[in-house]
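Chemist: In our numbering, the protein residues as written are 10 to 121.
Note that these hints are calculated values from the structure, not bench results.
A hint or two may mislead.
With a cut-off of at most 25 Å between alpha-carbon atoms, the simulated PhoX-like pairs for lysine-lysine come out as follows [unchecked claim]:
#1 K75 / K44
#2 K102 / K30
#3 K30 / K75
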Amino acid sequence: MFSETYGPGDIIIDEGEMSFKMYFIQHGKVNIFHKATKSSFQELGAMQYFGEISFFTENPRCASAKCLDYADLLTISRTEMDILLQKFPEANKLTEDINKLCEEEDLSSLHV
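Generate the whole structure from the sequences, applying the supplied hints.
Modeler: Structure below.
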């Protein structure tokens, strides 16, 4: 995992981009929004995460994320996660099950 810091107004992820990174908020607030409609979906804070849909589906980002105040985030890429999962067979099996559901367009396991 890597640490990243963003300031107020910074765009963290942009709708439509290809990225396989997931974010975990340590401090600060992040707004998840739809760019085209300027609709806000959710405001997230410490101990919450985002980016999970693209992380598991390997599809382009379906929303954007903007920093509302200074935020410290931890990130993990899909490649880094795959390396870690090789060491933990039970977690690997669970992740494979989630991937399979996502391939079938069932995102319920991601709680979205």
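Chemist: For every hint, state whether the structure bears it out.
Modeler: Evaluated hints:
no. : hint       : verdict
1   : K75 / K44  : 11 Å, holds
2   : K102 / K30 : 20 Å, holds
3   : K30 / K75  : 15 Å, holds
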